[in-house]
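Please take these sequences and the hints and turn them into a complete structure.
Counting from 110, one number per residue, gives the positions in the sequence shown under my numbering.
Take these hints with a grain of salt, some might be off.
Unchecked claim - Pairwise CB distance ranges, derived in the manner of DEER restraints:
#, residue 1, residue 2, range
1, T222, E140, 31 to 41 Å
2, V223, G198, 14 to 24 Å
3, V223, S137, 33 to 43 Å
4, F214, Y182, 11 to 21 Å
None of these hints come from the bench; they were simulated from the model. We put the beta carbon where it would ideally sit given N, CA and C, even for glycine.
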Amino acid sequence: MDNNNFNNDFDNNERNRTVNENRTNDWSIGEILIRLLVTAIVVGITAFFTPGFSINSLWSLILSAIVIAILDYLIQRFTGVNATPFGRGITGFIVSAIILYATRFIVPGFEITVWGAIIGALVIGIVDMIIPGRAM
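Structure, rendered in structure tokens:
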């Protein structure tokens, strides 16, 4: 085997791996819509089962799913912390509770207490394990 061919193959493999890693950060419109739908379902289920957590309308649910997805994306993008409650252990759990609690200040009709956010983060973690896809 020619040493020059080996170097070219290595460079091509390295270049392909870099391109594939960059593609995982790019989301298609379909992936974004599926993520928002899963987030809305999980937040709706969580609000139903969690004391101290309520959503007053469908629009509040949709808007909260958008806000939660944006906050999750920004936190993950700038800190590298995965906000899935069980994705990063206690850190992910705390970040998930903070995202839920912060959403109450942004979305009208999204009402949650501190305890509701803590319990909600736990419920979201459980539901997130059951429903395929990443909710937060």
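query = Broken hints, numbered, in rising order?
reply = none
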